[in-house]
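Trainee: Based on the sequences and whatever the hints tell you, model everything.
Number of protein chains: 2
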Amino acid sequence: MTAPDWKTFPAEIQEKLYQNIPEEWRDKTLKDKMLAEGFINAKEFIDTLVPDSEKKITSLDAPTLAKVIASRELTSYEVAKAFFHRAALAQQLTNCVIESWYPAALAKAKELDKILEETGKVVGPLHGVPISLKDQVDIAGFDSSIGYIGTYNHPKSENALLATILENAGAVTYVKTTVPMAMMAPETVSNIHGYTSNSLNINLTSGGSSGGEGSLIGAQGSPLGVGTDIGGSIRIPSAFQGLYGLRPSHGRVPYLRVTNSYSGQDTMPSVIGPLSPSLEGIELFMQTVVGAEPWRQDHKVVPIPWRDASEFKTRKLTIGVMAYDGCIMPNPPVLRAVDECVAALKRAGHEVIEWKFEEQAEFSDVGGKIFAADLGQEIRDTCAISGEPVVPVVEYLVDESTFPEILNVNQWWDLCNKKYELQTKFLAAWAESASKTASGREIDAIICPVWATPPFEKNKFESAVLGYSVPFNVVDSSVVIVPVTKVDKLIDLKDETYTPKNAKDQQVYDSYNPEVYHGIPICVQVACKRLEEEKAIAIASVLADSLK
Amino acid sequence: MTAPDWKTFPAEIQEKLYQNIPEEWRDKTLKDKMLAEGFINAKEFIDTLVPDSEKKITSLDAPTLAKVIASRELTSYEVAKAFFHRAALAQQLTNCVIESWYPAALAKAKELDKILEETGKVVGPLHGVPISLKDQVDIAGFDSSIGYIGTYNHPKSENALLATILENAGAVTYVKTTVPMAMMAPETVSNIHGYTSNSLNINLTSGGSSGGEGSLIGAQGSPLGVGTDIGGSIRIPSAFQGLYGLRPSHGRVPYLRVTNSYSGQDTMPSVIGPLSPSLEGIELFMQTVVGAEPWRQDHKVVPIPWRDASEFKTRKLTIGVMAYDGCIMPNPPVLRAVDECVAALKRAGHEVIEWKFEEQAEFSDVGGKIFAADLGQEIRDTCAISGEPVVPVVEYLVDESTFPEILNVNQWWDLCNKKYELQTKFLAAWAESASKTASGREIDAIICPVWATPPFEKNKFESAVLGYSVPFNVVDSSVVIVPVTKVDKLIDLKDETYTPKNAKDQQVYDSYNPEVYHGIPICVQVACKRLEEEKAIAIASVLADSLK
Chain A
1 MTAPDWKTFP
11 AEIQEKLYQN
21 IPEEWRDKTL
31 KDKMLAEGFI
41 NAKEFIDTLV
51 PDSEKKITSL
61 DAPTLAKVIA
71 SRELTSYEVA
81 KAFFHRAALA
91 QQLTNCVIES
101 WYPAALAKAK
111 ELDKILEETG
121 KVVGPLHGVP
131 ISLKDQVDIA
141 GFDSSIGYIG
151 TYNHPKSENA
161 LLATILENAG
171 AVTYVKTTVP
181 MAMMAPETVS
191 NIHGYTSNSL
201 NINLTSGGSS
211 GGEGSLIGAQ
221 GSPLGVGTDI
231 GGSIRIPSAF
241 QGLYGLRPSH
251 GRVPYLRVTN
261 SYSGQDTMPS
271 VIGPLSPSLE
281 GIELFMQTVV
291 GAEPWRQDHK
301 VVPIPWRDAS
311 EFKTRKLTIG
321 VMAYDGCIMP
331 NPPVLRAVDE
341 CVAALKRAGH
351 EVIEWKFEEQ
361 AEFSDVGGKI
371 FAADLGQEIR
381 DTCAISGEPV
391 VPVVEYLVDE
401 STFPEILNVN
411 QWWDLCNKKY
421 ELQTKFLAAW
431 AESASKTASG
441 REIDAIICPV
451 WATPPFEKNK
461 FESAVLGYSV
471 PFNVVDSSVV
481 IVPVTKVDKL
491 IDLKDETYTP
501 KNAKDQQVYD
511 SYNPEVYHGI
521 PICVQVACKR
531 LEEEKAIAIA
541 SVLADSLK
Chain B
1001 MTAPDWKTFP
1011 AEIQEKLYQN
1021 IPEEWRDKTL
1031 KDKMLAEGFI
1041 NAKEFIDTLV
1051 PDSEKKITSL
1061 DAPTLAKVIA
1071 SRELTSYEVA
1081 KAFFHRAALA
1091 QQLTNCVIES
1101 WYPAALAKAK
1111 ELDKILEETG
1121 KVVGPLHGVP
1131 ISLKDQVDIA
1141 GFDSSIGYIG
1151 TYNHPKSENA
1161 LLATILENAG
1171 AVTYVKTTVP
1181 MAMMAPETVS
1191 NIHGYTSNSL
1201 NINLTSGGSS
1211 GGEGSLIGAQ
1221 GSPLGVGTDI
1231 GGSIRIPSAF
1241 QGLYGLRPSH
1251 GRVPYLRVTN
1261 SYSGQDTMPS
1271 VIGPLSPSLE
1281 GIELFMQTVV
1291 GAEPWRQDHK
1301 VVPIPWRDAS
1311 EFKTRKLTIG
1321 VMAYDGCIMP
1331 NPPVLRAVDE
1341 CVAALKRAGH
1351 EVIEWKFEEQ
1361 AEFSDVGGKI
1371 FAADLGQEIR
1381 DTCAISGEPV
1391 VPVVEYLVDE
1401 STFPEILNVN
1411 QWWDLCNKKY
1421 ELQTKFLAAW
1431 AESASKTASG
1441 REIDAIICPV
1451 WATPPFEKNK
1461 FESAVLGYSV
1471 PFNVVDSSVV
1481 IVPVTKVDKL
1491 IDLKDETYTP
1501 KNAKDQQVYD
1511 SYNPEVYHGI
1521 PICVQVACKR
1531 LEEEKAIAIA
1541 SVLADSLK
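In order, the protein sequence lines correspond to chains A and B. Residue numbers for the first sequence follow the working numbering, so the first one is 1 and each next one is one higher. Residue numbers for the second sequence follow the working numbering, so the first one is 1001 and each next one is one higher.
Keep in mind the hints are simulated off the structure, nothing from the lab. Just so you know, not all the hints are guaranteed correct.
[Said to hold, decoys possible] Subject to a maximum C-alpha distance of 20 Å in a straight line, what follows is the list of computed SDA-like cross-link-like pairs (lysine to any residue):
#, chain 1, residue 1, chain 2, residue 2
1, B, 1016, B, 1155
2, A, 418, B, 1263
3, A, 425, B, 1297
4, A, 418, B, 1378
5, A, 300, B, 1417
6, B, 1504, B, 1378
7, A, 369, B, 1264
8, A, 114, A, 72
9, A, 425, A, 353
Mentor: See below:
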């Protein structure tokens, strides 16, 4: 098969994606209308387009949807239609969808209704719940082109194990969402689909690499989605659209038959997990997936059943807080979000101490070296299939000057050991925290920013710095993203007294403009140790409750 | 520091090791006496040298020792002295020790006695139990030279986490045992210490790479030892000395600060686990180590507490048996051992089916490629420190012609993926086994040979083939070695009708000589899936009971 012309092909794909939308939801002038009406928030604009009945449905989260479908207050079909309609509109406004099968998915929803009617039973805990999938998640008959033109038109023959588990649980999959080239960027842009905007402000990035998911769920075009995370790719889009998101530790959620860049890089691998407007959606996803015992099919999944973590909802917690990592000063609303968490937790009677890890700066160094181990060779090779150029943000972040040449195995193993040394020191520091707490217990979790800035402006990725997200990839933490507040231009003034400490700090400082970011959500990370997903969710719920 | 002369240094080290033995246990003519008295079995010869009181003590296993020490029937000191005496004699007969601290360890035993006397309490579940350590396990103040001359005289500054856990539980460590150069061989030989013989027949190999452990425990110079396994290195010495041994899955027992070859090679890593004359010793070790929650300090350890597996001791089991892997026909006593297991399990009412995995031959291919990924570069580099040559068995097994050059990261990741594909197929075949059983359940475990031959003759490593051990490294199984029978020259006749299928099969066939192997133990593997140590131990106990 000859590769398509990278210059003309994207237009073809866009047209195909457009034609895949049911006719009654298509409108090539939709975005112009939105702008003409003075909207920059796609979610709010969509609210003006859809009937109230649908708005009511799409405001429900996954567990509620499962409940009302099971109790026959709503049909799967009604739910699917409401979400698909919004998804189709969001797709035309933010460019967040790369594959769709709305008609087939509507038929599946009808089938689920029939089963429920005939048997009186749901097929599983997600009966009728629409679930969106990041492009990487293989679905038979569809591409997993992962942001490249040259890999398009190579439909997969088999579903990802995770997709099968979700569908067996009754979920209705219907779209695959956009990713940046190679999934190696915190903003979602590629030659194949162009730019995916933030659904709450289309002038801003949706984040990345699960930016299509973030944008779609942010627009309420999906109640639950699947993303992946190798440097923050679930957490950044969650944070940028004010969603809950879980970065599980490696080996908790199956990645089998999920197409990936740097596949086989197992030392700091990409992990797969949920994004959701509610924490309960995250928990339902995890209970369902882990409950399916994926370790029976995916060798990388560890055989740990879903565990009770109610202890952490009832006892006093000890939380370590790191507002500033010592390298890059977060923008004012980010610092305020952390402050609000501290105040809320203290009000609720929990102990809060400062978390400070001596080797914090090492995380970005080790993470960056792992990302750059092949000096971008795989990316260049895959671009070469179609002749397309590497997109600028990926070029910017995968630093080809990191090493004189592609690492050989001995050098790679040395790097893996360097990471292990850092992990060991991190665990020691965590244990050592017990000596600094009133409870005498080590901290239960770390709370810190997700990203130093609000979602940056379209293509202005120079302020991008992974220093708050990558550390938890290095130590493979279970991390939950929790929405805290929104930027308020009257409160979150630029700190005119601050003197940036380095060039990147300066870029981050310079990029902050309260006028631009007004109203955009700010989230924090709640990070536990490795394979502590249940605990991280429990503590996130304590935090969310304390913030109410 | 200049490296010592590799030609003269070994004699120096041997003399130092000799001088480290308490004077009353030293005898430079010991081995000559043994030979003069017509012994080839070092254990039996030692039985003639030690007092009955000591023989009685050294016949006890670790849990029994812990019990009789706790109940003050024996002192820690008496126990230590009995084992150390045998260890010192074994060391002089089989060359199984590379570091020792008998006097300090005797002092530690006395201290433990004092604590028990004063407090009435044991310090932990291993109070007073002597434990031997493979050379790799770091002990502050001692080398972990791992079979090289150039790395000798670089004493470690800190204990391995595992050593600390065992000592905190009351264990008395006293020796580090020999390994082959780089731990990359199934027989234990290096330029630094020479050859480690099988303690049941000093003309045969003790196995490797935990050959020093196997030899020492086989001579009853230790009731419980620590080995490591990247291709069979716990299992082969266990099998060759008729011991129980556990190859845990990666991430169950802490490897932190255990010196290693190819350190950082995390895709099919060496794992660390126990060798013991009794299965109860294996279980006590695992309960103690996992109970210490090593994941709090070692990031590679998964947070899975020790689980109840009594279910597998009470219900009918479904066992898959693979006597022949389709590539290398095991020698007659090995086949008979498997047959005896089948008969015993059937007698006990368990279901036994044939286990056949279509891709069985792929295991050795993938394993061999992982071993050879750096074409032996690290080994050559480490030899270059002293100028010593690579020992022949390592030269033979690490095939420098596997690839045209050292793999780069992209090639390495491809190889990691190839391994993952094989793991996925293996899991699918395991699940598929349910369709072939009367119970309708998938198999609980696989029983198969450990090695195609009995322990081969000294330096005759040409028959060495890892095809029965390496597969479980590739799929990271929890595997227990179970002693079944002994070679009987009257029963285990050479099969004159067999026509070898390939060159290696021919070597294995040719190497078999019932006269040479008469009386040597034969063991089998009981392999469960990943991170199923409790289940593997439970099923091993069912097998062992059924064989009684």
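Trainee: Is the Cα-Cα distance between residue 1016 (chain B) and residue 1155 (chain B) 20 Å or less?
Mentor: Since the Cα atoms of residue 1016 (chain B) and residue 1155 (chain B) sit roughly 15 Å apart, the hinted pair holds (cutoff 20 Å).
Trainee: Run the distance test for residue 300 (chain A) versus residue 1417 (chain B): straight-line Cα separation, threshold 20 Å.
Mentor: Roughly 11 Å between the alpha carbons, so the hint for residue 300 (chain A) and residue 1417 (chain B) holds.
Trainee: Does residue 1264 (chain B) sit within 20 Å of residue 369 (chain A), going by the straight-line distance between their CA atoms?
Mentor: Roughly 15 Å between the alpha carbons, so the hint for residue 369 (chain A) and residue 1264 (chain B) holds.
Trainee: Between the alpha carbons of residue 425 (chain A) and residue 353 (chain A), is the straight-line distance 20 Å or under?
Mentor: 19 Å, holds
Trainee: Residue 418 (chain A) and residue 1378 (chain B) were given as a pair; does the straight-line alpha-carbon distance stay at or below 20 Å?
Mentor: Holds - the C-alpha atoms of residue 1378 (chain B) and residue 418 (chain A) are around 17 Å apart, at most 20 Å.
Trainee: With a cut-off of 20 Å on the C-alpha distance, tell me whether residue 418 (chain A) and residue 1263 (chain B) pass.
Mentor: 11 Å, holds
Trainee: Taken at face value, is the distance from the CA of residue 1297 (chain B) to the CA of residue 425 (chain A) at most 20 Å?
Mentor: Judged against 20 Å, a Cα distance of about 9 Å means the pair holds.
Trainee: Please verify whether residue 114 (chain A) and residue 72 (chain A) have alpha carbons no more than 20 Å apart.
Mentor: 12 Å, holds
Trainee: Given the hinted pair residue 1504 (chain B) and residue 1378 (chain B), is their Cα-Cα distance within 20 Å?
Mentor: Violated, at roughly 27 Å.
The structure shown violates just one earlier hint, number 6.
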